[in-house]
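Enquirer: These protein sequence lines are chains A and B, in that order. Using the numbering used here, the first residue of the first sequence is number 1, and each one after it goes up by one. Using the numbering used here, the first residue of the second sequence is number 295, and each one after it goes up by one.
Please keep in mind that the hints were generated in silico from the structure rather than gathered at the bench. Predicted, not measured: the structure shown is a model, and the values here were computed from it. Backbone N, C-alpha and C define an ideal beta-carbon position, used for all residues, glycine too. Among the clues, some could well be false.
What the simulated footprint calls covered on chain B by chain A, stretch by stretch (three residues with Cβ under 8 Å from a Cβ of chain A suffice, anywhere in the stretch; the number is not a length) [what the hints assert, rightly or not]:
{"id": "1", "region": "384 to 394"}
{"id": "2", "region": "397 to 404"}
{"id": "3", "region": "435 to 442"}
{"id": "4", "region": "555 to 562"}
{"id": "5", "region": "615 to 627"}
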Amino acid sequence: MSIFVDENTKVIVQGLTGNQGRFHGLRNRDYGTKVVAGVTPGKAGTDVDGIPVYDSVKEAAAATGATASFIVVPPRFAADAIIEAAAAGISFVVCITEFIPAKDEAMVASVLRRNYPGTRLLGPNCPGIISPGRCNIGITSGDIALPGGPVGIVSRSGTLTYQALYELSQKGVGQTTCVGIGGDPVPGTNFIDCLAAFEADPETKAVLMIGEIGGEEEEKAAAFIKEHITKPVVAYVAGVTAPPGRKMGHAGAIVSGGHGTAQGKMDALREAGVVVAVNPTEAGDRMVEIVERL
Amino acid sequence: MDLFEYQGKDFFARYGVPTSTGELVRDPDSAVAAARRVGFPAVIKAQVQVGGRGKAGGVKLVRDEAEAREVATAILGMDIKGHTVHKIWVEHASDIAREYYVSFTLDRGVKQYLCLLSSEGGVEIEEVAKTNPDAIARVHIDPLEGLTEDEAARAVSAAGIDEASRTGVAKVLLQLYQAFVEGDADLVEVNPLIVKTDGQVHALDAKVTLDDSASYRHPEWDAYRADMELDGREALARSKGLNYIGLDGAVGIIANGAGLAMATLDVVSQAGGRAANFLDLGGGAGADAMANALEVINTDEKVQSVLVNIFGGITRCDEVAKGIQEALDRVELTFPMVIRLDGTNAKEGHAILEELLSDKIRVEETMVGAARAAVELAKKGER
Numbered sequence: 001m002s003i004f005v006d007e008n009t010k011v012i013v014q015g016l017t018g019n020q021g022r023f024h025g026l027r028n029r030d031y032g033t034k035v036v037a038g039v040t041p042g043k044a045g046t047d048v049d050g051i052p053v054y055d056s057v058k059e060a061a062a063a064t065g066a067t068a069s070f071i072v073v074p075p076r077f078a079a080d081a082i083i084e085a086a087a088a089g090i091s092f093v094v095c096i097t098e099f100i101p102a103k104d105e106a107m108v109a110s111v112l113r114r115n116y117p118g119t120r121l122l123g124p125n126c127p128g129i130i131s132p133g134r135c136n137i138g139i140t141s142g143d144i145a146l147p148g149g150p151v152g153i154v155s156r157s158g159t160l161t162y163q164a165l166y167e168l169s170q171k172g173v174g175q176t177t178c179v180g181i182g183g184d185p186v187p188g189t190n191f192i193d194c195l196a197a198f199e200a201d202p203e204t205k206a207v208l209m210i211g212e213i214g215g216e217e218e219e220k221a222a223a224f225i226k227e228h229i230t231k232p233v234v235a236y237v238a239g240v241t242a243p244p245g246r247k248m249g250h251a252g253a254i255v256s257g258g259h260g261t262a263q264g265k266m267d268a269l270r271e272a273g274v275v276v277a278v279n280p281t282e283a284g285d286r287m288v289e290i291v292e293r294l
Numbered sequence: 295m296d297l298f299e300y301q302g303k304d305f306f307a308r309y310g311v312p313t314s315t316g317e318l319v320r321d322p323d324s325a326v327a328a329a330r331r332v333g334f335p336a337v338i339k340a341q342v343q344v345g346g347r348g349k350a351g352g353v354k355l356v357r358d359e360a361e362a363r364e365v366a367t368a369i370l371g372m373d374i375k376g377h378t379v380h381k382i383w384v385e386h387a388s389d390i391a392r393e394y395y396v397s398f399t400l401d402r403g404v405k406q407y408l409c410l411l412s413s414e415g416g417v418e419i420e421e422v423a424k425t426n427p428d429a430i431a432r433v434h435i436d437p438l439e440g441l442t443e444d445e446a447a448r449a450v451s452a453a454g455i456d457e458a459s460r461t462g463v464a465k466v467l468l469q470l471y472q473a474f475v476e477g478d479a480d481l482v483e484v485n486p487l488i489v490k491t492d493g494q495v496h497a498l499d500a501k502v503t504l505d506d507s508a509s510y511r512h513p514e515w516d517a518y519r520a521d522m523e524l525d526g527r528e529a530l531a532r533s534k535g536l537n538y539i540g541l542d543g544a545v546g547i548i549a550n551g552a553g554l555a556m557a558t559l560d561v562v563s564q565a566g567g568r569a570a571n572f573l574d575l576g577g578g579a580g581a582d583a584m585a586n587a588l589e590v591i592n593t594d595e596k597v598q599s600v601l602v603n604i605f606g607g608i609t610r611c612d613e614v615a616k617g618i619q620e621a622l623d624r625v626e627l628t629f630p631m632v633i634r635l636d637g638t639n640a641k642e643g644h645a646i647l648e649e650l651l652s653d654k655i656r657v658e659e660t661m662v663g664a665a666r667a668a669v670e671l672a673k674k675g676e677r
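Excised from the complex, chain B in its bound form:
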């Protein structure tokens, strides 16, 4: 789960990482009141889960109430790379002396945590990596040992952090590490980490991705989840326990297993079409999951045909076919459907599907053939 900046700052605060206090608002009046409370000059920041919002005009300094109203009105409703701004964060403007960069992630290759720390903050870290790689310190952390004070101090000096700020930055590094580990985050990134003119070190931004698999030990995440802005269909799919991602093509996809679903997207594209979604039914592929999947895709008006691609492994094909049959009794199809069913007991499965065939439902032997048929139907736009 990717957090919004305001949620990330709340997350940081739980682990003692210093951040600016501020207020989350949804309309210009509240923004003006909030700016008055945090004190001018204030900063108004669009809350969207996409990078580059500063360049897009989603972060602005305001010096008085009139400016606050004007800027809040402009930013609310703004489109930033396809994300509409519904919420803005208002905080007191910080007096910045220096800007650094810090992040913690898992380095899969070496199976250890990786801390990146750079003396060049406030800019894209990928750019720094290209133009001035020496400005980035990379520190691997063994999960069993954790980040020690000595290592934090070494990282700070290796990154060329200004001498006067080293103790303060090292301290925040340890706090962020604690947030990363105890908070079960996949990613913690602060850009910029600032030193204020009074010498205080402080996270000016917060980019946090939480590990969904660890939800069971973090009941406090429920509040974050409640605030997520999902595509309506994605929310519907999630509530039905389906793994769904909306895309922009016309061929609806239903498959079992993430890998097979990805491969189905690939063959649809090779057949000259575009998928309307990624949908993984999960292991079982029973009637309930199938009916739920059809219901979700039915609400997508872009969809002109649907491709059901199931490989029966543990779940035998005859069981899957019965599931499709039952699902079709429960859900009215608003698009033509192409089914490819293969694997254990494929023959028995096809015998059941035989009875379902109509002008709206057809069966194809192979994955590639099914993709071609679904793409052709989508192009006809029979819906």
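With the rest of the complex left out, here is chain A:
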């Protein structure tokens, strides 16, 4: 099994006719993902390499039975695209768009919570989700993932998600699902959502978690792990050496007023029984040791 997506997940790409949408949408299809439709207003009736394009998510979903959507649109259109997908009954929405204004993200979170509780948003500003060998929605390179489990990965950072996948794959340790939750201030899906799903997934035997400075999500995850997670967890938190008050690229990655430091997060995780590594390579090594003992 995998979490959130599997080999039967049918995916719509919102923005399939754009450069990015075409590139990633077709890559996802090449990987074996069921990419069944694209949505671009005004382009209904056309197709992208055989994938039919519709004017709206509602029409695309009705015609194809898709339950997931991959949003690749510019920041100013992203909030509306997410809400359109939710309103059309899509239950899993992946939005990779970077630089969406925080106010738009907060508004989207509020609309989803009130009106569309059945829709899970992954992102924005995330690499997406890959269940190796089954489904890849987003921009992760399928080549670096290894099917077969037993490790679930959840990460706040894009390139470190790839790094984590690669570290494990190189050592012959496969993944059940790898979820990039993104580094924005208002992520649709957080560590706890993923940890709970991995705990419930019988195929996942251990979880690798990659955090970074800023916010309190890692501390909350630590508290959740302590209470609810029985599977081994290995964690790495990036940014031990980050100076306070400076944004390190991600809108979320900032140490302010002594809050959100990597050290504080690592201490909380260690306290919850998590194996805490000081760099991604060590995190991979620790996970390999755990998997060997399983």
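Dock chain B against the given chain A, drawing on the hints supplied.
Expert: For chain B alone, coordinates are given in the frame of chain A:
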């Protein structure tokens, strides 16, 4: 983007939030003239983007022209926690009856806005939170509903705001909320929010952080951006579209992705060195970005070695290696360079890098190994 106080007050004024009018000046003569215009007693305030400027002597009351000249001369050029004062703000001194605190931010945990309002202003809010938490009212605001008049009134009474000032404070709360939302601010903080002896409520300070992602719908922010005082290299990097932050070590860092760049800083520190910068090339890591990054780091005299840490995902390693090759044709290296390249097509990438190897350029297999090598080279200080 963090605004200076004078910019914050301009920002507030756009949304009707009452503030003191004043003048921004850069030399003592202009300060004296400005103080005369706003009227004595006046306050001279250093414009720096760091807290604690009052304690550092960067905010002073002046009663006449001689004092204004003396104080302006002392404050201009002053160093406040590493920030040199280039600009001062001159405003008429307010007759303060009471001081409060108010801020609006996004509470990420609950995905709603959070308003903090306290009857104890003029002091550090973190201190109040510790010593007298009951003096702070916390109000969550659903972005869809906004701050209603009723909620503002409730907040004001919960914070223990003086009865006579409640209507006035509630009104300013609504104005500040509008500035926070319509102005696309990540943070709006007023400390102190004052009640004057005549009963007027008024923002005496303004701390505002704007959401850079919303720049496209705020052309009026261009003026703020033009006034920013960036480290020369940070300005250069920004103009080249790189995400760069200057630090104080000797190992220059070039990585793709913010997370990997942060992790690179971490491994350099674990190897016993210190990074000279944070630099995220962004997704593509092509020749242009690489050449730009090398040019920026070349201007940093602290740098003794540079560590290039690239993970090829969508961008394959052979493409990245070609990019490095092309960048090196365009930029002359003034320091030794260690490259770690891993990910998709790593072998093909390394075959290309093989041709570049010299006494100045070496390749390491792993991130940790590369960090050790770069730190060692930095310590030798071969540059």
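Enquirer: Can you list which hints this structure breaks, lowest number first?
Expert: Structure breaks hints 1 and 5.
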